Amino acid sequence: GENVEQHPSTLSVQEGDSAVIKCTYSDSASNYFPWYKQELGKRPQLIIDIRSNVGEKKDQRIAVTLNKTAKHFSLHITETQPEDSAVYFCAASMKGRGGYQKVTFGTGTKLQVIP
Amino acid sequence: GAVVSQHPSWVICKSGTSVKIECRSLDFQATTMFWYRQFPKQSLMLMATSNEGSKATYEQGVEKDKFLINHASLTLSTLTVTSAHPEDSSFYICSPGLAGTSQYFGPGTRLTVT
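Chains as they are written, first to last, in this note's numbering: chain U, 2 to 116; chain A, 1057 to 1170.
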């Protein structure tokens, strides 16, 4: 099955600095890579995603890059703010039977933005 | 986006008792529902996939006789933790298997077994 590794496990940055989280996946059949933000006690929330036919995607302060050859993908958050503090999960997803997307999550990165 | 509800949002039960968690899709029909478990400070781990009208598929290491899954209708899937023990204390989250590429999650159920 798919295996997703995520680094670092914890990350502290000063407010206004950038934060980068990196992930690798093992199964070349994965074709969709979502990123989730999870606040304490809450459900994961999709913040950005990228498909396998795209190398980079940006949404305001958040960007994601994908290197299919190396099976690497990364999340970049610029101009970080205290409200960005949360746990972030990367994930790799592929179509299962019935056409749905089966998701494998990374181990998570706890991001702390220091005011 | 898809609206998914879970009930209860939190539950405390005594060791040896059973607990049922309901997951409802409110504005769509879900043929497939994923059930995840998340221990404190850990990632989401897929436990099982429920399919409407057929038996659930369990991931390796998950006891199917302990975690009973029923998906009797296109809007309701249930997970019953039988003979719960303290090590079953966790955050249980459901997610519909939709044909699109976005994934939505229920709000989760926090189970504490004393």
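Simulated from the structure, these hints should not be mistaken for lab results. Check each hint, because a few of them may be wrong.
Claimed, not checked - If you want the footprint, here are the derived chain U segments under chain A, 3+ residues with CB under 8 Å:
(1) 13–23
(2) 55–63
What the hints assert, rightly or not - The following label-pair restraints were derived from C-beta to C-beta distances:
(3) 1130(A) x 15(U): 46 to 52 Å
(4) 1168(A) x 82(U): 29 to 35 Å
(5) 9(U) x 1116(A): 37 to 43 Å
(6) 40(U) x 1168(A): 38 to 44 Å
(7) 1124(A) x 71(U): 39 to 45 Å
(8) 58(U) x 1121(A): 32 to 38 Å
(9) 40(U) x 1101(A): 16 to 22 Å
(10) 1131(A) x 2(U): 26 to 32 Å
(11) 1110(A) x 15(U): 48 to 54 Å
(12) 1121(A) x 19(U): 23 to 29 Å
(13) 1074(A) x 115(U): 42 to 48 Å
(14) 1142(A) x 9(U): 38 to 44 Å
To be verified - Partial list, computed: chain A residues near chain U (C-beta under 7 Å):
(15) 1085
(16) 1088
(17) 1099
(18) 1100
(19) 1153
(20) 1154
(21) 1161
(22) 1163
(23) 1164
Just so you know, these numbers come straight off a predicted model, no measurement behind them. Using N, Cα and C, we set each Cβ at its ideal position, and we do this for glycine too.
Results for each hint:
1. 13–23: It is violated: at least three residues are needed, and the segment 13–23 of chain U offers just 0 whose Cβ sits closer than 8 Å to chain A.
2. 55–63: violated (count 0)
3. 1130(A) x 15(U): 46 to 52 Å: 49 Å, holds
4. 1168(A) x 82(U): 29 to 35 Å: For residue 82(U) against residue 1168(A), whose Cβ atoms are near 33 Å apart, the range 29 to 35 Å holds.
5. 9(U) x 1116(A): 37 to 43 Å: 28 Å, violated
6. 40(U) x 1168(A): 38 to 44 Å: This hint is violated: roughly 20 Å between Cβ atoms.
7. 1124(A) x 71(U): 39 to 45 Å: 42 Å, holds
8. 58(U) x 1121(A): 32 to 38 Å: Hint violated: Cβ distance 44 Å, outside 32 to 38 Å.
9. 40(U) x 1101(A): 16 to 22 Å: The hinted range 16 to 22 Å holds for residue 40(U) and residue 1101(A), with Cβ atoms some 19 Å apart.
10. 1131(A) x 2(U): 26 to 32 Å: 29 Å, holds
11. 1110(A) x 15(U): 48 to 54 Å: Between residue 1110(A) and residue 15(U), where Cβ atoms are some 52 Å apart, the hint holds.
12. 1121(A) x 19(U): 23 to 29 Å: 49 Å, violated
13. 1074(A) x 115(U): 42 to 48 Å: 45 Å, holds
14. 1142(A) x 9(U): 38 to 44 Å: Since the Cβ atoms of residue 1142(A) and residue 9(U) sit about 31 Å apart, the hinted range of 38 to 44 Å is violated.
15. 1085: Hint on residue 1085(A): violated, closest Cβ of chain U at ~13 Å, above 7 Å.
16. 1088: 5 Å, holds
17. 1099: 5 Å, holds
18. 1100: With a closest approach of 5 Å, the residue 1100(A) hint holds.
19. 1153: 3 Å, holds
20. 1154: 6 Å, holds
21. 1161: Where the cut-off is 7 Å and the nearest Cβ of chain U is about 4 Å from residue 1161(A), the hint holds.
22. 1163: Residue 1163(A) check passes; min Cβ-Cβ to chain U is 5 Å, inside 7 Å.
23. 1164: 5 Å, holds
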